[in-house]
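K.L.:
Based on the hints, put chains C and P in the right spot on chain L.
Protein chains in written order, with the working numbering: chain L, 1 to 132; chain C, 1 to 298; chain P, 1 to 122.
By construction, these hints were calculated from the structure, which means they are not laboratory data.
Everything hinted at is true.
Derived DSS-like pairs: lysine-lysine, alpha-carbon spacing no greater than 27 Å straight-line:
1) K42/P with K284/C
2) K206/C with K33/L
3) K42/P with K7/P
4) K284/C with K206/C
Being a predicted model, the structure only gives us computed values, none of them experimental.
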Amino acid sequence: MSISSCIAIRADVDIISARQRGRDLGVELGFPKTDLALIATAISELARNILTYAGEGEIEVAVEEAGGRRGLIIIARDHGPGIADISLALQDGYSTSRSLGIGLPGVRRLMDEFEVTSDPGSGTVVRAMKWH
Amino acid sequence: MSVNGRGATAPKLNSAELNSLREFWDVYETQFAEIGAEIAQDAAAHPELATFVGAGDGDEVAESRERIAQAINDGDWADYLADMVAAGSRYAESGLSFSAWFATGRSLRSKLVPLLIDALSEEPERLAEAVRGVSIFIDLVILAVGDSFIDAKERIITEQQDVLRGLSTPVLELRPGLLLVPLIGFIDSERALLLTGNLLEAIAAKRARAIVLDITGVPAVDSAVANHLMQTVQATQLMGAHTLVSGLSPENAQTLVRLGLDLARLNTVGTLADGVVSASSILKAAEARAAEYESSLA
Amino acid sequence: MAIPILKQGSTLIVSLQAEPTDAEFVALQRELTERVTQTRAKGVVVDVTSLDVLDSFATRTLREIAQTVTLCGARAAIVGVQPEVAFAMAQLGLSLEGTLTALDLEDGLALLHALPQVTSVT
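Chain L with its partners taken away, still in its complex shape (with noise of 0.2 Å):
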């Protein structure tokens, strides 16, 4: 069974939205407050770099289940310009701007799951999991 809500980011207002999402499904798993504060903060951070990199996109939270756990999944997806060099871009420190967001590995560190796919030209895609 998987329960998935999605939320178009397209201006700030929406992340406050796609935080709120991923919090409310948070709680439904029986996160503890701590887990919460982390996956509503990555939700944040993803959001953002979708408006500040390729001006809207979405955000996908759902619930998933694998070997008797469950877990908080969420999908970023852009069609933006893509990361040119994701080795780099995972690198601590590194941004390619001065603007908002503090990159990718912030946000690693949030999550027991992270994944990062991208094209240059054709997008950006990044799943973070985190399990109960």
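P.N.:
Just chains C and P now, kept in the frame of chain L:
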């Protein structure tokens, strides 16, 4: 045969092995319930096993026999191996020792061989096959149960380690508003994270304004550890608390400085006692401020 | 919706209740700067007790608010960061370094009250 984490895969047996198993099973099947009852009786005398090995009721015996037949005759090991894996897990979780359950295997072997001799004494070749079959069978069972047992034990140990880690980062309230955290042992990123989380919760719960993080008991203080500690110090600052790090040896301090670390961001003080003195004055200053502010409102 | 700014003595108090949007944060920054100048306030306390998240934008803006307020001749304190919020910030490497912080509103007011009076830069 290969056995992996959560289950066991069916054994790959050649025709000779399969034949041995069938010879063995042909005889064993006829005495299955009886042997089971004998094993249960033996187990009842063993202090550890008494609760685990029972004769089982008629249905359980029939089901067990059915599953072995399914495995040996039809080559479908799924159900039987699943039972063995479940048993291994159960034994581990209830604290049964390896030697105890291993003894049941020995017990089974000791009962089966005479049984086979009785049944096949006139046919030495079939007897030889069947005895080999006993070995093959018992090895399969021990492997399946054993692997599952070990997996479960490892899971339990990891869980216990987590609990221990939680216990090993105690946050002590020396006086209202002053927390002491005596760190002992190696600090890795996971432990540092746990420490930070606990400390922040404690600051909120105890309304703490001054913290002494004592690292006298931390054997290896390299730049990684120093960075972890700096992050912890910074995090507590977000909640308006001052954290001092005490117990950094002069040698370690020198090394860190040489590595280019800004020790000022670690708020180092000398010994634990020095730390407590400094923290106390920080606390006093805060209390004085609060009192001053209170009176100004009056 | 505008975020309410209260005045207590010579200190302005902002209690953020709901999660402010980026636009609201920016508006708050502007509003606070104006009010500090208008009222000649000596202190500003921003209370984030109700916030569940302080992300990179929020953290940056709070630091900027503190800096701007200081330029206007006052001092600012951020108070009420919740433990799980501080934890997330620590993992992300976000800090309010250079900004005064306190556990709660009471402590924040006491902290600012104890600072030597800063003369306005006009």
